[in-house]
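Here the protein sequences come in this chain order: U and L.
According to the numbering used here, the first sequence is numbered sequentially starting from 1.
According to the numbering used here, the second sequence is numbered sequentially starting from 1001.
Derived from the structure by calculation, the hints contain no laboratory data.
Note that the structure is a prediction, hence the values are computed from the model and not measured.
From the three backbone atoms N, C-alpha and C, an ideal C-beta is built for every residue, glycine too.
It cannot be assumed that every hint is accurate.
Unchecked claim - SDA-like mimics (lysine to any residue), calculated; alpha carbons at most 20 Å apart, straight line: (1) 71/U with 36/U; (2) 1030/L with 219/U; (3) 166/U with 1038/L; (4) 1030/L with 222/U; (5) 1005/L with 208/U; (6) 263/U with 315/U; (7) 1030/L with 1064/L; (8) 1005/L with 228/U; (9) 263/U with 1044/L; (10) 258/U with 317/U; (11) 113/U with 156/U; (12) 113/U with 1067/L; (13) 166/U with 1033/L.
To be verified - Computed spacing ranges between beta-carbons, pair by pair: (14) 86/U with 1005/L: 40 to 50 Å; (15) 349/U with 1053/L: 24 to 34 Å; (16) 1005/L with 243/U: 17 to 27 Å; (17) 224/U with 1053/L: 31 to 41 Å.
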Amino acid sequence: MKKLSFTILTLLFAFNGMGQNTGQTATQETQKSSDTKLLVSGFGFAGYSKMDKENSNFGPTGFNPIFLWKKSDKLFFESELMIEITDGTTKFDLEYATLHYKLCKYLEIGAGKFLSPFGIFNERIHPSWINKFTDPPLGFNHDIGTMVGPMAEIGVEFRGGGQLGKSKINYVAYISNGPNLVTDPSNTMMTGMLMFENINDNNDNKAIGGRIGFLPLSNSSVEIGVSGQVAKVGDKGNVLYQNIGAQMYALDLSYCHKLNFIKSNLDVKAQYNMMNVDKAESYPVMSGMDTTWDNKSQSYYIQLGLRPAFVNNNFFKNLELAFRYSSMTLPEKAMWGGDFKQSTVGLNYWLSWHSVLKLDYQMNTQKGADNRNGIQIQWGLGF
Amino acid sequence: MKKIKTLIILLFVLGSVIFGCATPKLIADKSGAQLWGENCQRCHNVPSPTTFGKENWEVVGTHMKIRANLTETEKDKVVEFLQSSN
Chain U
1 MKKLSFTILT
11 LLFAFNGMGQ
21 NTGQTATQET
31 QKSSDTKLLV
41 SGFGFAGYSK
51 MDKENSNFGP
61 TGFNPIFLWK
71 KSDKLFFESE
81 LMIEITDGTT
91 KFDLEYATLH
101 YKLCKYLEIG
111 AGKFLSPFGI
121 FNERIHPSWI
131 NKFTDPPLGF
141 NHDIGTMVGP
151 MAEIGVEFRG
161 GGQLGKSKIN
171 YVAYISNGPN
181 LVTDPSNTMM
191 TGMLMFENIN
201 DNNDNKAIGG
211 RIGFLPLSNS
221 SVEIGVSGQV
231 AKVGDKGNVL
241 YQNIGAQMYA
251 LDLSYCHKLN
261 FIKSNLDVKA
271 QYNMMNVDKA
281 ESYPVMSGMD
291 TTWDNKSQSY
301 YIQLGLRPAF
311 VNNNFFKNLE
321 LAFRYSSMTL
331 PEKAMWGGDF
341 KQSTVGLNYW
351 LSWHSVLKLD
361 YQMNTQKGAD
371 NRNGIQIQWG
381 LGF
Chain L
1001 MKKIKTLIIL
1011 LFVLGSVIFG
1021 CATPKLIADK
1031 SGAQLWGENC
1041 QRCHNVPSPT
1051 TFGKENWEVV
1061 GTHMKIRANL
1071 TETEKDKVVE
1081 FLQSSN
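If we strip away everything but chain L, and leave its shape as in the complex, we get:
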């Protein structure tokens, strides 16, 4: 039980560190298209924006956020880009 507690606290500390960090401008300014190009080809080929309709991109985006542990901002920007270009 002690192990679980340590793990949870560690997770929390990690979360706080991340939350406490200001995102540099270079990262904050990245467009959905750029994030799509950088992130979506790390594990497999990149599907083109026309592969899915608006609703399905939302489902895929959530699936990939979980699978790849993408940040919420990355997911939102990429999904918005994919939805707007199809």
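So here's chain U without its partners, still in its complex pose:
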């Protein structure tokens, strides 16, 4: 531990040195005012859905205030609350609350609760005025049992970005509580599932993860990302499960391009998540069920947005056509397993840069179950 602290300290000093070498930045910084600056931002949304054979329903609806404090040129605090009425309940959560300190121009340290830098959905797409669809893709929902990969971490992160010739690279590495494995015999419906809200760590092992993003083109229009997280997930002291680990990987792609021939912007985003939990000898399950299984899950989505932003007509320039395909495969033998597919076609109207009316037609299929199709409407507003 002592040796580790020493390594960290040495490297941090070295990094800090790098920042100082470029004397221009140092002078600029002393010239800037160091007064506290507060900005309240965030988003809200209201929705309506009518799925076949189900009651029509107003909702979900939500309010997510974001508080941003720039305390000084190096110290920054960001926090988002989530207040949402969905599935007949009101949910209240701290989405993130992170203190950031700039160690040098290439590296920031952040501590607290932060959105998992695992792929791009959590960090970059989740706000209702950014997401082109009324809901998250399969595998990226907050609901228990429908998450393939982490959404938020409680821990410490290091992040930054830099120029690499004409290309760019960015990086995040973190250490956090990580997920925990459900093995409770009184909860046989969920045994073998990973819970990501591990507020009080269930063991002494910490999850290690990170993402590296690469932007090969000088105009930043393409970004490819690789993420990973490894952790021990079993309860400490529980001999059956304490050595069980989980490994998760994600690949992501972002691409923006102006299509001159149709005077439109094309926006493509995709992410693939895979999650492997070491096979347990047996889980407490309901009688008659398999007691263990290959505990592997995966999910992915690919989404396209096409907006004729450069036509002269004021109505058409604010319209956007969107399409998303997503899939989630959970271990078949688990009580919570299944194979899910979803296609969503959307028509969006942008009222301003961060206010959007969305109309989606969504088709859901699940192996062994009836299809679930219908219409979802949402008004998303950033502020």
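We have chain U already, so just place chain L on it with the hints.
Structure of chain L alone, referenced to chain U:
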């Protein structure tokens, strides 16, 4: 613990590589307006420079630098452009 150490060292090596690279003229010459056009529409629509006042652009700039892992130069140039055009 070994894993953490490897990770930190990797990060450091990465940092050194980036730091060691000279920025090509094509990149160094980019204006704040160009960087704003290229970077700020990658995740969401671009807010116009008049959306916020000078102080708030500084807060937003820092927030976006962290969220999008922008380079320090990109952030500084974009914020300067946004502040000067409102």
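Results of checking the hints against the structure:
no.: 1; hint: 71/U with 36/U; result: holds, 4 Å
no.: 2; hint: 1030/L with 219/U; result: holds, 10 Å
no.: 3; hint: 166/U with 1038/L; result: holds, 14 Å
no.: 4; hint: 1030/L with 222/U; result: holds, 18 Å
no.: 5; hint: 1005/L with 208/U; result: holds, 11 Å
no.: 6; hint: 263/U with 315/U; result: holds, 14 Å
no.: 7; hint: 1030/L with 1064/L; result: holds, 19 Å
no.: 8; hint: 1005/L with 228/U; result: holds, 16 Å
no.: 9; hint: 263/U with 1044/L; result: holds, 18 Å
no.: 10; hint: 258/U with 317/U; result: holds, 13 Å
no.: 11; hint: 113/U with 156/U; result: holds, 8 Å
no.: 12; hint: 113/U with 1067/L; result: holds, 14 Å
no.: 13; hint: 166/U with 1033/L; result: holds, 18 Å
no.: 14; hint: 86/U with 1005/L: 40 to 50 Å; result: holds, 43 Å
no.: 15; hint: 349/U with 1053/L: 24 to 34 Å; result: holds, 29 Å
no.: 16; hint: 1005/L with 243/U: 17 to 27 Å; result: holds, 22 Å
no.: 17; hint: 224/U with 1053/L: 31 to 41 Å; result: holds, 36 Å
Of the hints listed earlier, there is not a single one the structure fails to meet.
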